[in-house]
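If you read the sequences in order, they're chains A and B. 14 is the number of the first residue of the first sequence in this note's numbering; add one for each residue after it. 71 is the number of the first residue of the second sequence in this note's numbering; add one for each residue after it.
No lab work stands behind these hints: they were computed from the structure. Fair warning: this is a prediction, and the values are worked out from it, not measured in the lab. Cβ atoms here follow ideal geometry from the backbone N, Cα and C, with glycine treated the same way. Don't take each hint at face value.
Unchecked claim - Label pairs and their in silico Cβ distance ranges: (1) B:W240 x A:A305: 51 to 59 Å; (2) B:G306 x A:P168: 21 to 29 Å; (3) A:Q77 x B:F73: 45 to 53 Å; (4) B:T193 x A:A305: 17 to 25 Å; (5) A:T156 x B:I200: 23 to 31 Å; (6) B:G371 x A:T197: 27 to 35 Å; (7) A:V126 x B:G348: 34 to 42 Å; (8) B:T155 x A:A106: 43 to 51 Å; (9) A:G285 x B:G327: 34 to 42 Å; (10) B:Q198 x A:K313: 33 to 41 Å.
What the hints assert, rightly or not - Computed from the model, here is a short list of chain A residues facing chain B with C-beta under 8 Å: (11) A110; (12) P113; (13) N193; (14) N203; (15) P205; (16) E210.
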Amino acid sequence: MTLMKSLSGATAALALMAGAAAADPALVIDLGGKFDKSFNEAAWNGAERWARETGGTYKEIEMQNEAQREQFVRRMAETGANPVVVLGFQNMATLDAVAPDYPETKFVLIDAVVDLPNVRSVVFAEHEGSYLVGMMAALASKTGTVSFVGGMDVPLIRKFACGYAQGVKAVKPDATVIMNMTGTTPAAWNDPVKGGELTKAQIAQGSDVVYAAAGGTGIGVLQAAADGGILSIGVDSNQNHLHPGKVLTSMMKRVDNAVYDAFKAGTALETGVVSMNLASGGVGYALDENNAPLVSDEMKAAVDAAAAKIMSGEIVVHDYTTDDTCPAATF
Amino acid sequence: MDFATLIQILDSTLRLATPLLLACLAGLYSERAGVFDIGLEGKMLAAAFLSGAVAFVSGSVWLGVLAGIGASLALSAVHGLASITFRGNQLISGVAINFLASGLTVLVGQNWFELGGRTPALTEGRFQPITLPLAETLAPVPVLGPIYSDLISGHSALVYLALALVPASWWLLNRTRFGLRLRAVGENPAAVDTAGVSVVGIRFAAVAICGVLCGLAGAYLATALSAGFVKEMTAGRGYIALAALIFAKWRPFAAMGACLLFGLLEAVANRFQNIDLGVVVLPVQFMQALPYILTVVILAGFVGKAIPPRAGGEPYVKER
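Bound conformation, chain A alone (with noise of 0.2 Å):
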């Protein structure tokens, strides 16, 4: 009996430390890597914030194919961490498939919304910041032809494209621009070669600013361009460093706060679906020390304009994501 009993309060010990240990919230990378300079290392990023601030520990996992995304997320959750986030929008079906097997496990998913109670969905208004930076791209271009490199060919990718497209429209109606994809599978996320000559191809067309939002292949983009002597605009993270007084700006797009927040939440995360747009802050345009001199006043003051239109629903940007059509280009 006695044996009986510290057994058993042994396993409730157990049990009570394991509980204690799958309090860790957990980070499932998607394709593309940690350090893309670009949209997961902002995950990454807000991930260590939260354990910097809080001295807090979290699991992550990174996906290395396809076939590895209802795997890892299982993984996640099987070893009791809570919140477990997961990035990207081809995560919406592995969501589905795993999230309602753990209805005690909080799923938190970035760029794309699953309608399950345990889920919260986290959307980006990416066409807000690319049009903003669209206009700062049509202030800049002194060709009136400014270009955009995409990275695989998806809805969220032509969302980034159409809020782009207006944003020039809005400045320089007459303007051309250029839209080039890298691919149609997620290999186009790790292809510099092909960004940087498809960069290449746009400059020869007569662009002078080019916007890349194409993961890994942005770097291809930002390299070709800094190159060939044309502006850039980097994306999802602030690129403006790395090629410094030749990127114009950063479309920023707060994955960390997502991120961040999510940790910060916890187990007492709140599910539906968040919007990060501009108003909320969670995205914006870069400004530091590396683009002050291309940046001029009136370009500010023009975007920031816009910016508090848009704020204030005076400006409606149209986002490609709703009805698949875009005003300002065909794709």
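Following the hints, complete the assembly by docking chain B onto the known chain A.
Positioned in the frame of chain A, the structure of chain B alone reads:
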């Protein structure tokens, strides 16, 4: 499409075809000697990584190229050891090399530079475009001027080297004793062995040449086309090169034609996203898939027949 656009597309074709051509010639030597090599992709990747890393640290692009060749040669040695000496399956060894390179480059890169497997962007230690003599003077000449000054001049050294390697390879394979033996080893190794020539030695030599050429291809990607290594930056070019090799039926000049064709397709797809032919609109995805479609067409025997070297894929076992 005006003349200037045409020149720009052909210029881009030449840049994009160069890594394919180097990798394709690499595969040609190896496969003509009877050693199938689907590890071209992995060797290029390893070479791209090490050349990017060494070029950054040393500031010298040529040291980078040497390091890239070294990395590729090391993987070639593994392939040779597994498939020639120990008579393992050549395809499996090649797949293993691809996996090894894919993982190892990121792991080592992260350990050295802590940039997530990338190497730092190269500012010096990159290939600079070479302006051929008289390019400036001849530029105003109509038609021929732009062709010479924009299309032929202004590429990096490796582009010219790759083009020069095509006739050199033809000569080596078809006009020298070594080339004859190399081809014989791929067709009928027993006959070569009977003549008293080492089959293993010739095959190792072929695999080593393959390593050197893959090293050049990888170094070109990291130090000429872009400025530094990014993980998985070969993006399937090794497989396209294999497709080009089959398309070219394992012949050097045809290989150049196939690589230039595949480069042209990519350049056109880069320049025009969707091509409107008036009747139908060709989507960009079709252009991207065309190299593979053409290869399948060739393999199916519609455009002549592609016969691989007869002893390809089989380890040689000496008769007793």
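Of all the hints given earlier, name the ones this structure violates by number, lowest first.
Violated: hints 9, 11, 12.
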